[in-house]
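Protein chains in written order, with our numbering: chain A, 1 to 231; chain B, 1001 to 1215; chain C, 2001 to 2142.
No lab work stands behind these hints, which were simulated from the structure alone.
Heads up, some of the hints might be wrong.
In the EDC-like style, the derived pairs of lysine to aspartate or glutamate whose C-alpha atoms are separated by at most 16 Å in a straight line are [stated by the list, open to error]:
hint, chain 1, residue 1, chain 2, residue 2
1, C, Lys2119, A, Glu64
2, C, Lys2099, B, Glu1081
3, C, Lys2119, A, Glu158
4, C, Lys2119, B, Asp1158
5, C, Lys2054, B, Glu1057
6, C, Lys2127, B, Asp1011
7, B, Lys1106, B, Glu1127
8, B, Lys1080, C, Glu2053
9, C, Lys2013, C, Asp2050
10, C, Lys2013, B, Asp1011
11, B, Lys1083, C, Asp2050
12, C, Lys2013, C, Glu2053
13, C, Lys2127, A, Glu64
If you only want the chain B side, here are some residues facing chain A, beta carbon under 8 Å, derived [unchecked claim]:
hint, residue
14, Ser1033
15, Val1038
16, Ser1102
17, Leu1199
Not the full set, but computed from the structure, chain B residues with beta-carbon under 10 Å of chain A [what the hints assert, rightly or not]:
hint, residue
18, Ser1031
19, Phe1035
20, Ser1040
21, Gly1066
22, Leu1207
Cβ atoms here follow ideal geometry from the backbone N, Cα and C, with glycine treated the same way.
Given next are the chains, with one letter for each unit.
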Amino acid sequence: MATSKCSQAGQQLWAKMPKVGGYTRLCFAWSVIGFLVHTNSSYRITHQANAELFALTYGSLVTELVRDHEDPIEVNKQLDKIGKSIGVRCVDEFLAKADVAGLGLASQCQSLRDTAEVVARMGFRMFLGVGAECGAFSQDQKSFSIYFHDNPLSTFVELPPAGDDQMGDDLRKLKYSNIYCGIIRGALEQVNLKVDVTLVQCTLKGDEVNEIRVELKEVLADGAGDDYKEE
Amino acid sequence: MSRNASNNILDRPLGFRATPAGRSSDVSSVSLSAFAYVYSELVQYHQGRAASISELERRLESAGYGVGLKVLECVAYRGKEMKRETRLMSILHFVSSSVWKSLFGKSADSLERSIDNQDEFMIVDYEPITSTFVSVPQDLGQLSADAYVSGIIAGVLDGAGFSARVTAHNVQVEEGENSRPPTNATPGMPRRTEKAVFLVKFSPEVLERDATLER
Amino acid sequence: MAAVPVLFVIVGKNEPLYEAEIDTSTGIHSSSSGDLSTRQNYFVLHSALDLVEKSAWTTNSMYLRVVDKVNHQQVSTFLTAANVKFMLLHSGKGEEVVKNFFNEVYQYYVKLSMNPFYKFDTPISSKAFDTRVRAAARAYLS
Chain A
1 MATSKCSQAG QQLWAKMPKV GGYTRLCFAW SVIGFLVHTN SSYRITHQAN
51 AELFALTYGS LVTELVRDHE DPIEVNKQLD KIGKSIGVRC VDEFLAKADV
101 AGLGLASQCQ SLRDTAEVVA RMGFRMFLGV GAECGAFSQD QKSFSIYFHD
151 NPLSTFVELP PAGDDQMGDD LRKLKYSNIY CGIIRGALEQ VNLKVDVTLV
201 QCTLKGDEVN EIRVELKEVL ADGAGDDYKE E
Chain B
1001 MSRNASNNIL DRPLGFRATP AGRSSDVSSV SLSAFAYVYS ELVQYHQGRA
1051 ASISELERRL ESAGYGVGLK VLECVAYRGK EMKRETRLMS ILHFVSSSVW
1101 KSLFGKSADS LERSIDNQDE FMIVDYEPIT STFVSVPQDL GQLSADAYVS
1151 GIIAGVLDGA GFSARVTAHN VQVEEGENSR PPTNATPGMP RRTEKAVFLV
1201 KFSPEVLERD ATLER
Chain C
2001 MAAVPVLFVI VGKNEPLYEA EIDTSTGIHS SSSGDLSTRQ NYFVLHSALD
2051 LVEKSAWTTN SMYLRVVDKV NHQQVSTFLT AANVKFMLLH SGKGEEVVKN
2101 FFNEVYQYYV KLSMNPFYKF DTPISSKAFD TRVRAAARAY LS
């Protein structure tokens, strides 16, 4: 049952291929990914910024949000929104860089599984210089998790303890790195994949690993993503 | 490298990030675009809340100031000499070399004393610092980087006890002035014709104190 | 005979940011807080502040050594790059020992201050910081 559903979904995706250019471009053949994983040195960041200035600048943004919005849930929403605006913009650069790196953009698009691999293995390394893995695919292959240990956003962060009057509200509900969710959501929407993204585990809260859950909601018709751009 | 080490930030070497089993990794850079995206969102966020350009500048300076205070302790701690900067010239050198390196990966190109005003100093950089801040809308790019970096410098100086007003200026590079080959420029791009000048104007008490120490 | 507790405070521009009275043999908070001797201790530290301000600009070392002595008690001081004052009231520990203690606390302080949620010159409420300062006091000052 599950298999047939899966292959059905696969066929549907396959049929959409010629129409959805962006999606095709984002998907790479397994062999290419395999090659990458073995020689990820080809993904060394070329133009660099200091990781500490990066972490401090993001910290400045988050603390500003915390000051302006008392409710940490609202801060999480804002971070997600900010992330989306980044995600929408970073897709083109991502594709261009992959091109420059000589990765012929394979036309054989596989599935959401490939997209997951590309986001986790290449996206994180290309932009943040850290490795990430994907896994925990659901049976219907419509959701998966991205796992990473090393989080450049939170290098210096320790969340204030509950009831710390300095920061006013209880920051236990704050998802410090929630911007990732928006970025992934925005980037995938540009290639016509409408997804829900949630930060489900976070090392700042004592979890062993950072985990981002991505759930495919809908494969959009081509052009839907473009509307967003003009918004 | 102990397997049982706690992952609390206080137990990791400074700037090292938590990784599994208590190991920590020192990854000192991210891609320039990752920084630029986050920075540009910081600017846009403040822009959305500022009623005027001058308020936006003030907000970014203030954000930079907080970062500067952190950078001061961090860079001093890394210096491992356990010393503070107590003299005017030494804090300026600290800013134009150590702090600059930690923020931009290189020292500033020069440090000059103003000819006209004894309380003014200039930190000069021929390479576009603003390139670190790309992807901000053009008109805001310059303004925001100027305000943010000025704020950082002011934070470092004020924290160390040298309160100063820091402003950024773009100055035309004169013919033959900068003979050094660019280290970081994009190949094929024409040489930059403007240099970034950060003007540091110390408060009178700072100059007085330094003059007293001279004796 | 019980060890004499030491008093460690971190002082910002205008107010103390952190304080701990530490029985160096156990590392726990001494039960005697609030009695006369403790108040006297704070008085000694407070009056030493002026001396710290004075010597701050005459040396570029972070470690200022003993800045004041009252009876058998000594006040050692350490200034961070941003002139946050670490002050230790003790009954004559070695200079090197105190220096090592300060260096370790400084390490924790820098890491704490890099946290975006810690604003410069505000009270330090981190439990993790407190635990480590007490452990450092036990390790170096007992």
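Hints, verified against the model:
1. Of the pairs offered as hints, the one joining Lys2119 of chain C and Glu64 of chain A holds, with about 12 Å between alpha carbons and a cut-off of 16 Å not exceeded.
2. A C-alpha spacing of about 13 Å is found between Lys2099 of chain C and Glu1081 of chain B, which places the hinted pair at or below 16 Å, so the restraint holds.
3. As the CA atoms of Lys2119 of chain C and Glu158 of chain A are separated by approximately 13 Å, the hinted pair is consistent with the 16 Å bound.
4. With a C-alpha separation of about 15 Å, the suggested pair Lys2119 of chain C and Asp1158 of chain B falls inside the 16 Å cut-off, and the hint holds.
5. A C-alpha spacing of about 36 Å is found between Lys2054 of chain C and Glu1057 of chain B, which places the hinted pair above 16 Å, so the restraint is violated.
6. The straight-line distance between the Cα atoms of Lys2127 of chain C and Asp1011 of chain B is roughly 13 Å, inside the 16 Å bound, and the hint therefore holds.
7. Simply put, Lys1106 of chain B and Glu1127 of chain B have alpha-carbon atoms about 10 Å apart, close enough for the 16 Å limit, and the pair holds.
8. The suggested pairing of Lys1080 of chain B with Glu2053 of chain C is violated, with an alpha-carbon distance near 23 Å, which exceeds 16 Å.
9. Under the criterion of a C-alpha separation no larger than 16 Å, the hint pairing Lys2013 of chain C with Asp2050 of chain C is consistent with the structure, at around 12 Å.
10. Among the hinted pairs, Lys2013 of chain C with Asp1011 of chain B is inconsistent with the structure: their alpha-carbon atoms are about 27 Å apart, more than 16 Å.
11. Between the alpha carbons of Lys1083 of chain B and Asp2050 of chain C the distance comes to roughly 21 Å, so the proposed pair goes past 16 Å and is violated.
12. For the given pair, Lys2013 of chain C sits about 11 Å from Glu2053 of chain C by alpha-carbon distance, which is consistent with the 16 Å threshold.
13. At roughly 24 Å between alpha-carbon atoms, Lys2127 of chain C and Glu64 of chain A are farther apart than 16 Å, so this suggested pair is violated.
14. Given the 8 Å rule on beta carbons, the hint for Ser1033 of chain B holds: about 6 Å separates it from the nearest Cβ of chain A.
15. Against a cut-off of 8 Å between C-beta atoms, the interface hint on Val1038 of chain B holds, since the closest Cβ of chain A lies about 5 Å away.
16. Given hint, Ser1102 of chain B at the interface with chain A, holds; its Cβ is 7 Å from that chain's nearest Cβ, closer than 8 Å.
17. Annotation: Leu1199 of chain B was flagged as interfacial toward chain A, and the flag is violated, the nearest CB pair being 22 Å apart, outside 8 Å.
18. At its closest, the beta carbon of Ser1031 of chain B sits 4 Å from a beta carbon of chain A; the interface hint therefore holds under the 10 Å criterion.
19. Given hint, Phe1035 of chain B at the interface with chain A, holds; its Cβ is 4 Å from that chain's nearest Cβ, closer than 10 Å.
20. The beta carbon of Ser1040 of chain B comes within 8 Å of a beta carbon in chain A, closer than 10 Å, and the hint placing it at the interface holds.
21. For Gly1066 of chain B, the suggested interface contact is upheld, since its CB lies about 6 Å from the closest CB of chain A, less than 10 Å.
22. Annotation: Leu1207 of chain B was flagged as interfacial toward chain A, and the flag is violated, the nearest CB pair being 30 Å apart, outside 10 Å.
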